[in-house]
Amino acid sequence: MWRDAVLVGGKDLRVELRSRVATMQVAPYAILVLLLFGFAFDQNHALLTQAAAGLFWVAVLLCSLLAVQRSFSIESVDGTRDGLRLSGLDPAGIFLGKAGAVAAQLVALEVLLGFGVVVLFGADLRDPGLLVLTAAVATVGLAAAGTVYGMMAAGLRVRETLMPLLILPVVAPVLLGATQAWMAALGQSSADGWKWMGLLASFAAIYVTIGILGFSTLVEEA
Amino acid sequence: MGSVGDLRGRRGTGDRVTRILGWSTLVAVVATAWVGLVVSPPDVVQGDLVRLIYVHPAAATTCYVGFGLCALASLAYLWPRTRSWRWDQLAAASAEIGVVFCVITIVTGSIWGRGSWGVWWTWDARLTLTALLLAVFIGYLALRRAIADRRSRAMVSAVFGVVAALLVPIDHEATNWWQTLHQGNTLLRANPLIHGWQLVGMLLSFAAFGLLFSWLLVHRFRVEVLEDRYEVEGFATAIAERRAEAGAGAGLELAEPVVAAATPEPASQS
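Chains as they are written, first to last, in my numbering: chain A, 1 to 222; chain B, 1001 to 1270.
Source of the hints: derived by calculation from the structure; they are not laboratory data. We treat Cβ as the ideally placed atom computed from N, Cα and C, and that holds for glycine. Treat the hints loosely; a few may be bogus.
Away from chain B, derived, C-beta distances all over 12 Å, residues of chain A [claimed, not checked]:
hint: 1; residue: N44
hint: 2; residue: T161
hint: 3; residue: P169
hint: 4; residue: S189
Beta-carbon label-pair distances, calculated as ranges [to be verified]:
hint: 5; chain 1: A; residue 1: A40; chain 2: B; residue 2: S1116; range: 29 to 35 Å
hint: 6; chain 1: B; residue 1: R1145; chain 2: A; residue 2: G129; range: 24 to 30 Å
hint: 7; chain 1: B; residue 1: R1083; chain 2: A; residue 2: M1; range: 55 to 61 Å
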């Protein structure tokens, strides 16, 4: 399973590295989203700093949609999905590989966006450990859930419009938990960030389990 | 479920059982309205607003039942030994009715919120989760519409249905797990909070919504069965009918019956 995961994940990341879609399109898009938030809250700069955590995670969510769509659109041409199906790779490995590749791209984006939030919105850090750990766990949850629902919509003609509808409501708890934990880590709320971290961890665990158990059904049928 | 889903030789989706069910539903709804609007007293604190208690909790419970049934039917479909189209059709039917009741729940809750909290909507765990539940099951219905192949539609939506219904217990327990503005459970506790006609009205409303749900479910399930049958047999049946028409109208055997059937005016070919 792990060997297959490394194979699939490595393939996806190599495709992304060579096509440069992630670096040339998704990353600028993420920065643009941040700039647009800046325009939207132009009148009230204090509000922008206060809402920085939430805006960061909304931007990550939007980018994760793009990453998941990319992850399955590279499987949609030239019958590569059938190839993947016939390859004899463990479906759980395919899931872990694809989710891992999405997670790796999201981490890179989060670093970029994090700099953006600090520079553009003037947020300052209080508890970097909580910040980084929350981001890591939330990213695993986003990537796992995104990959599960992405696979459901993968072969469909309407996947570009269907995927956001399937994914966004499901990952809303990630947005909530990660925002609350970050607010605590940025010193903007007195909430217990580690409790929200627990919610994120259970979300990630649930979706990784669903993916490992359910992907064989989805790979064969979707 | 064989007889419920077997519609051959029948016009429409109704039969004696559904008519009895339909009339009992009507009686129960009228009784609930009568107890709720006439017999039961207004509340000391909430006044007439409390009468929403004869609609809102029952609608919410029915919505849970619909989504729960969708999950159970999906599980039955996923389990290889019980796999059957009937479970897929049942899941589709109950999810759709669940969505309807979820909308009713949110609308009546919103009206109640406006009256007692002063706002149409507030960002409270129970409300937010219910809205998410609605969004997730609208996604379920959209997913079903999007997949053309019957087999993969059944499979994928079954996986989605099972996972989506995980939100139901979380939503139900939301008032216990988080500090919410929404009140806690009224009936499911050791010492129920209401008595007398209010309790009677509330129990009646549950019966009425339960009957309404089953009545709608039987009909919707049968429509789903018909839709599936149309999908599978529709084209073949249409060809056979046109072929018969062409044979009768032209009075001769056609050499290429399929082509003849596809032609709009078969009679003009002679």
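Hint-by-hint comparison with the structure:
In this structure A/N44 is separated from chain B by more than 12 Å, as the shortest Cβ-Cβ distance comes to about 20 Å. The claim that A/T161 is not at the interface with chain B is violated, since a C-beta of that chain comes within 12 Å of its own (minimum 9 Å). Not every CB of chain B is more than 12 Å from the CB of A/P169 (nearest about 4 Å), against its label as outside the interface. For A/S189, the condition that its CB be more than 12 Å from all CB atoms of chain B holds, with the nearest at approximately 15 Å.
For the pair A/A40 and B/S1116, the supplied restraint of 29 to 35 Å holds, since their beta-carbon distance comes to about 33 Å. Between B/R1145 and A/G129, the C-beta spacing of about 46 Å breaks the proposed range 24 to 30 Å. At about 26 Å, the beta-carbon gap between B/R1083 and A/M1 misses the expected band of 55 to 61 Å.
Consistency note: the structure conflicts with the earlier hints numbered 2, 3, 6 and 7.
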